[in-house]
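If you read the sequences in order, they're chains P and S. Taking this note's numbering, the leading residue of the first sequence gets 1, the next gets one more, and so forth. Taking this note's numbering, the leading residue of the second sequence gets 1, the next gets one more, and so forth.
No lab work stands behind these hints: they were computed from the structure. Every residue gets a Cβ at the ideal spot worked out from N, C-alpha and C, and that includes glycine. One or more hints might be untrue.
Simulated coverage check for chain S against chain P, where a stretch passes if three residues somewhere in it have a Cβ under 8 Å from a Cβ of chain P [what the hints assert, rightly or not]:
hint : region
1    : 7-13
2    : 82-89
3    : 92-104
4    : 157-164
5    : 185-195
Example chain P residues on the side facing chain S (calculated, C-beta under 10 Å, incomplete) [what the hints assert, rightly or not]:
hint : residue
6    : A55
7    : A222
8    : Q225
9    : R227
10   : E246
11   : D268
12   : R272
13   : S286
14   : T377
15   : I381
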Amino acid sequence: MTAEVIQCSLVIVTVTAGSAGAQRSSSEPLWRALAAFRFASVGYAAVRLGFIDRAEYSRPDWAWAVIAVMAVWTVVTTIGYTRRGRRSQLLVADLIVTVGLLLSTTGLQHPDATVHGALPVTATWMAGPVLAWAIRYGRRAGAIVGLIVAGCDFALLRGAALSTALNGAVLLLLAGWVVGHLARLAAEVQAERQHAIEVEAASRERERLARDIHDSVLQVLALVQRRGAEAGGAAAELGRLAGQQEAALRALMGESWAGSRATGASGDADLRQLVLPAQTDRVTVSVPAQAVVLERTAAAELTAAMRAALDNVRQHCGEQTRAWVLVEDEPDLIRVTIRDDGPGIPDGRLAEAAAAGRFGISHSISGRLRDLGGSATISSIAGEGTEVELRLPRVANIPVAASPGTA
Amino acid sequence: MVVDDHPMWRDAVARDLAEAGYEVVATAADGAQAMRVAGAARPDVVVLDLQLPDMSGVEVTRGLQAAHPAVRVLVLSASGEQQDVLDAVKAGALGYLLKSAARPEFLDAVRRTADGDAVFTPGLAALVLGEFRRLSAAPAEADSGVPRLSERETEILRMVATGMSYKQIASRLVLSHRTVQNHVQNTLGKLQLHNRVELVRYAIEHGLAGEFEAGE
């Protein structure tokens with residue numbers, strides 16, 4: 001066995017397959033590379049028989065017949081392997097035919113041919129089923145078939161040339177292993193690529209939708225809201241509804257954007273994404289331009305407290321009261337201020353209510369903030385509305401990413 | 001001059017302005033057109049939508065300010081574009097208003113912009129507050145000259161950001177209306193000045209200084 005020859009063929013197969021790996025279906029390029037390898041091997045076997053090993057053959061005419069069968073079988077397998085359905089039967093047949101042709105060498109060559117360095121009549125062609133099994137079933141199947149073929153090769157030996165044959169066997173084994181590995185790798189890369197393409201397409205579609213909605217629906221809703229408010233009466237109600245829908249739709253788009261951008265691994269959330277949906281025609285939510293990053297559950301609790309404060313405004317001051325929410329991200333604390341322009345709370349009434357446990361603020365707002373390690377203060381001037389201030393210190397949950405470069 | 005890519009909005013805004021006695025000298029559907037038309041039409045106020053098909057409202061603001069420093073820009077935007085709004089204001093826009101703002105509010109904003117007063121909505125006040133905090137939190141360089149808000153300015157901005165009118169703030173702090181307005185205006189001025197300084201520094205650091213000198 002000439003080890004270099006198999007080595008060269010292997011390199012060809014590997015390189016061809018590797019460069020084709022990026023194409024559509026992961027294993028198709030490998031099958032094509034295998035076909036190329038087999039045709040080339042038939043040619044090489046013919047050259048061995050016709051020139052190099054000519055003197056070693058006792059029955060060259062039968063040997064040429066074997067070469068012819070190899071050529072025909074190569075065509076059959078090349079066509080057969082493109083049909084996905086029948087591959088497994090063909091793989092078994094391929095192995096049997098190849099081993100049979102390999103063993104036919106016994107009757108064709110002089111008994112001492114291998115001692116003179118002659119190859120079996122199939123030459124490198126015998127690696128075909130090894131590679132085919134590897135492509136189809138992975139590296140383990142490739143290695144096992146490699147062992148079978150190598151075993152048959154050993155059976156042809158007549159005492160000498162053991163070390164070169166051993167070399168060939170190892171190469172067959174490695175070929176099965178490596179190509180099987182390559183096939184699986186190609187399949188994985190293919191799957192990953194497919195996934196990435198799907199994700200990208202989905203997010204692009206989402207952004208396109210959001211843009212379209214922004215350009216059309218939201219603009220019209222805003223316009224209806226504005227015109228309705230001016231017209232008054234029933235139209236004002238329509239305008240108000242349009243405004244609510246606009247806010248709701250906008251919040252939905254914001255969420256889907258935030259969702260597609262979510263970095264996943266960390267448990268941090270941008271507080272802005274949570275509080276901005278509270279914006280309505282009566283409530284103005286103002287936030288900084290930078291993300292206000294804090295731990296996810298803390299952000300959710302803070303948002304819940306803010307919603308409770310807004311609910312209070314609606315309950316105690318009526319639907320028409322306007323409210324403003326301000327989110328501030330200071331180095332050592334996050335502050336959310338909720339102010340309304342309602343009648344305010346008369347002096348003493350608040351303390352009295354809190355003592356009696358009646359007022360919602362002590363439970364749903366102060367309680368939440370206390371649990372988070374923060375505090376809530378409420379202040380009111382009669383006739384000038386009420387201001388609730390939620391303060392959450394950034395001690396425990398300072399995110400590393402949010403405090404850049406102090407080093 | 002009204003710049004908006006949405007014809008329905010453009011017409012509605014232009015009509016509102018015309019009804020209120022303003023002369024709409026031009027309308028434009030995109031940034032390039034806006035820059036082209038502004039030279040000929042010489043508008044006092046540009047009402048600018050932040051989302052344009054060809055270039056961002058920030059770039060249009062910067063371009064208009066560079067070519068026609070006298071033009072005053074009022075930015076109209078949908079919510080959820082905080083960074084763009086902030087950038088536009090730093091680039092020289094005088095104010096910003098949500099598109100859903102009612103007509104009187106809008107006309108008032110145009111009037112104030114025409115007078116050269118900053119139009120500070122609660123949203124803009126929050127953005128400016130946030131920007132000053134970001135600047136002061138950034139790693140300190142020796143001579144960075146990072147602008148800071150005075151305590152009074154911070155206090156006033158926070159009040160604006162929670163929806164208080166200048167009048168309410170003035171009476172709460174026992175100041176004159178004009179003083180409150182000046183404080184607010186100052187904060188914006190500091191930010192715009194800082195932005196210009198940063199741009200020049202950027203230009204120098206990136207080797208554009210030679211061109212500046214050659215141009216002088």
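Do the hints match the structure? See the list:
1. 7-13: As far as the region 7-13 of chain S goes, the hint holds, because 3 residues have Cβ atoms under 8 Å from chain P.
2. 82-89: Holds, because 4 residues of the region 82-89 of chain S bring their Cβ atoms closer than 8 Å to Cβ atoms of chain P.
3. 92-104: With 5 residues close enough to chain P, the hint holds.
4. 157-164: As far as the region 157-164 of chain S goes, the hint holds, because 5 residues have Cβ atoms under 8 Å from chain P.
5. 185-195: Coverage by chain P is violated here, the residue count being 0 at a Cβ distance below 8 Å.
6. A55: violated, 76 Å
7. A222: holds, 5 Å
8. Q225: holds, 6 Å
9. R227: holds, 8 Å
10. E246: Holds - the Cβ of P/E246 comes within 10 Å of chain S, reaching about 7 Å at its closest.
11. D268: Violated - the Cβ of P/D268 stays beyond 10 Å from chain S, reaching only about 17 Å at its closest.
12. R272: With a minimum Cβ separation of about 8 Å from chain S (threshold 10 Å), the hint on P/R272 holds.
13. S286: Holds, because the Cβ-Cβ distance from P/S286 to chain S comes to roughly 3 Å (cut-off 10 Å).
14. T377: Because about 14 Å separates P/T377 from the closest Cβ in chain S, which is outside the 10 Å limit, the hint is violated.
15. I381: holds, 8 Å
Checked against the numbered hints above, the structure breaks hints 5, 6, 11 and 14 and satisfies the rest.
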